[in-house]
Amino acid sequence: MSKSHDTTNRCHDLDTIDARILQALQANGRTSNVQLAEFAGVTPPPSLRRTHALEERGFIRGYHAVLDAKKLGYNVLAFVFVGLASQSDRGIKAFEQKVQSWPLVRECCALSGETDFLLKCVARNITQLQAFVTQSLMTTPNVETVKTAFAIHISKNEPSVPLAPAQSPASRATPRQLQLPPLPRRGAAS
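In my numbering, the protein residues as written are 4 to 193.
Everything labelled a hint here was simulated from the structure, so no lab data went into it. Careful: at least some of the hints might be erroneous.
Straight-line alpha carbon distances no greater than 20 Å define the calculated EDC-like cross-link-like pairs of lysine to aspartate or glutamate that follow [unchecked claim]:
no.	residue 1	residue 2
1	Lys123	Glu161
2	Lys150	Glu99
3	Lys123	Asp71
4	Lys159	Asp71
5	Lys96	Glu147
6	Lys73	Glu161
7	Lys159	Glu110
8	Lys74	Glu161
9	Lys123	Glu110
Derived CB-CB ranges, DEER-like [said to hold, decoys possible]:
no.	residue 1	residue 2	range
10	Pro162	Glu59	15 to 25 Å
11	Ile95	Glu59	26 to 36 Å
12	Ala134	Ala88	16 to 26 Å
13	Arg33	Ala134	32 to 42 Å
14	Asn36	Pro162	21 to 31 Å
15	His55	Asn160	22 to 32 Å
16	Pro162	Thr137	22 to 32 Å
17	Pro165	Arg109	16 to 26 Å
18	Ala68	Ile95	29 to 39 Å
19	Ala97	Thr19	37 to 47 Å
20	Ala68	Lys159	13 to 23 Å
21	Arg33	Met141	33 to 43 Å
We put the beta carbon where it would ideally sit given N, CA and C, even for glycine.
With the hints as extra help, turn the sequences into a complete structure.
This is the structure in C-alpha cells:
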C-alpha cells in the first residue's frame, strides 16, 4: 500500500478544519466548496486544497448517491454466512475473486470465528436470492457451508464513519478552563 493511502492510525494527522470538511462531505457529498469553506471556517481556496489533499491521502475514497433499494425493486436484504472447506491463502483469494462477479452481493467481509465470510446481499425476491445461493454460491469450489438470515426490518443504516461533531465557526471560542479550589494539604486543618 502506498504511503499516501495508508490511513491506519493516521486520524491524529487531521486538524479541526479537516474534520469539519470530512463531516460536511459525509453528510452531503454534493456540498459546494463555498458551503464547505463556510462550515470549515476558511475561505474557498484552502477548502478546495484541503479537500483534494484528503482525497489524495485516502481519507475520502469516493462520492456516491445513496439509493433506495426497495424503490428500485430490490425487496429482499439478506446476510449470508459462508464457511470455506480450506482457509488457505489461495482458497480465500479465489473465493474473494469470485465474489466480485456476483452483483447481488453488495458487501463481503472476512470474519474471525466459525464463519469465514459474511455477504450482504440484495435481491428482487426470495426466489432470486435462493437461485443465487443454490446455483452460484453453493456450487463455488471450496464453499462448505452456507447459512442465510433475512433482514426483517432496518432500524438504523448509517453508511458513514462516526466523526465527532465539529463546532460551527461561530462556536469555536476557546472553552473556559474549569477552576478548582486547591486541594488541602495532608494534616492541614479543614
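Tested hints:
no.	hint	in the structure
1	Lys123 x Glu161	15 Å, holds
2	Lys150 x Glu99	18 Å, holds
3	Lys123 x Asp71	16 Å, holds
4	Lys159 x Asp71	14 Å, holds
5	Lys96 x Glu147	16 Å, holds
6	Lys73 x Glu161	17 Å, holds
7	Lys159 x Glu110	17 Å, holds
8	Lys74 x Glu161	19 Å, holds
9	Lys123 x Glu110	5 Å, holds
10	Pro162 x Glu59: 15 to 25 Å	23 Å, holds
11	Ile95 x Glu59: 26 to 36 Å	31 Å, holds
12	Ala134 x Ala88: 16 to 26 Å	23 Å, holds
13	Arg33 x Ala134: 32 to 42 Å	37 Å, holds
14	Asn36 x Pro162: 21 to 31 Å	23 Å, holds
15	His55 x Asn160: 22 to 32 Å	29 Å, holds
16	Pro162 x Thr137: 22 to 32 Å	29 Å, holds
17	Pro165 x Arg109: 16 to 26 Å	21 Å, holds
18	Ala68 x Ile95: 29 to 39 Å	32 Å, holds
19	Ala97 x Thr19: 37 to 47 Å	45 Å, holds
20	Ala68 x Lys159: 13 to 23 Å	20 Å, holds
21	Arg33 x Met141: 33 to 43 Å	41 Å, holds
No hint from the list above goes unmet by this structure.
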